[in-house]
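Protein chains in written order, with my numbering: chain Z, 828 to 1108; chain E, 19 to 308.
Calculated from the structure, these hints are not laboratory results. Don't take every hint at face value.
[Claimed, not checked] Footprint (simulated), chain Z over chain E, 3 or more residues, beta carbon under 8 Å:
#: 1; region: 184–198
#: 2; region: 217–226
#: 3; region: 268–282
#: 4; region: 286–297
Ideal placement from N, C-alpha and C gives every residue a C-beta, glycine not left out.
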Amino acid sequence: MSGSPARRFALATLRYAALVTVATLLLLPIYWLVTASFRPSADIFATSSDFGWATLIPERLTLAHWREAWSGELPRAVANSLFVALATVALGVVVNSLAGFAFAVFDFPFKRVLFAIVLATFMMPFESIVIPLYVLVRGMGLTDTFAALILPEVASGLVIFLFRQFFAAVPKELYEAARVDGASWLQIWWKLTLPLSGPTIATASLMLFVHQWDAFFWPLVAAPGPERVVVQVAVARNVTLEVANWGGLFASASTAILVALVPFLLLQRFYLRTVTAASER
Amino acid sequence: MKHGFREPWSIVAWFLAPALLGLALFRLAPIAIALVGGFTGTRLTGETVWVGLRNYRRLVEDPSFWNAVEVTLLYNLIVNPLQIVISFALALLVLRPTPLVPFFRAAYMAPMTVSLSLTSILWAILLEPTMGPVNGLLRSLGLPPQPFWRSEDQALATLIGVASWKGVGYWMVFLLAGLLLVPKELHEAAMIDGAGAAACFRWVTLPLMRRPLAFVLVADTAANFLLFAPVYLITQGGPNGATALLMFEAYQAAFTYLDKGRALAISSVILLVIGVLALLELRFLRERGG
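Generate the whole structure from the sequences, applying the supplied hints.
Following this line, the structure appears as structure tokens:
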């Protein structure tokens, strides 16, 4: 690279200073929220309005908020959300990889048009159709069911695209050899290509899981009853109550963040790799 | 691959049908419902009747609708370019894999784990005017506390800042992926030809980044255009309509005023605007590329 050693050192220092500043801006709010959930109610805002070390490092710790949050509707909401998210991941990986496989491997009439429609659906924000989709789902008699929460999110244009990009990079000779050996296309998809596509499955799972775990608007509309309450709606309910329940809010919000953190930490290293590989072609 | 395998529909359909049926039923059918339903109304008796252009005529005459359109356009005109510039800067910042950079890459993606509704709640508390820690910090620095969400002048800017806190790390991934694919040899060749870092960026990196930038611009606009959770949870469109984004208008029409025709008419307007925006953005980026 260019420049004298002194200049290079100054640039590197500047770069790391910027890296740390941005990381602080992005992580500190999350850290504050999670630590606040372990503080006695009196400490939360007493320390925050008077900013200092006590704002960042709790002096007294308590599990009261967590106990309170977990004795309400939160366990049910977490279980509902986990079920919805995992069912969507399982169905979504199968359904979208099948379609991605077809777009990558087969030639068929209207292929370009159909693929353009698939791409258009992921450029179209889900929120834009929430209200007409609600009209449709209510017409089908599915409000307040798991089906209403799961089925609309299974087929995903972006996930189909990711799988297509991966399967298209598999050498054609591999498919030909398997065909000569007498394998059916479904066997090739299931036994040959899916086992190869670990990072794409990981990325797709992370996308589908986070999307469902984060879902707020659609469940708010499609499943307003207490039976099918999901985690984001349950957390938000602490705010929309007449008197805000701060302790319960902090503990339930921390729960929602920490659960999403698990698949994120497990799968994030595949994420950049898959997006890079997908944009290569 | 250029040429795929030619198989009869009976085989291809097995692969395509589940996903395409899902998209047709849960993505395309609702569009049709919105477009048709925008011309209908509901009688007090509950039956749906054709009302022609009445919903649209009422929208056009309604100042709160025009306010929502104005706020939505203003918000998008600022938030999308802003997020792209910041996420591009972040991608450049974490591009060279020097020590600790993998940690920073992951850290910048971390707000992905905080849903938009949680982001809203978190920043409603952080920016609470009297008790919140941000004003606590401002006071300890000797600066005047700010009203943030409570002020007609600051609410939209606050919304833009909070949406960007959540969004920039996500979009950074797509731009970083593009940057990682820029061949190193091109930079080296340009350097040998005497190009400085700035010239390198302008004439080598930027042209090669056109596709990822186009993707992020369109996808980011689509994500931001319909911001709902923060408006619903924090501002309810206020103060005085300052954050009344279109999606919240549609929600209110459907679930507060129970006016299905109006809600579907607003949904149709939203779908139309998104379609036009996507086309414009793609054309703009194609032309700039030459």
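Structure-inconsistent hints, enumerated in ascending order: Structure breaks hint 2 only.
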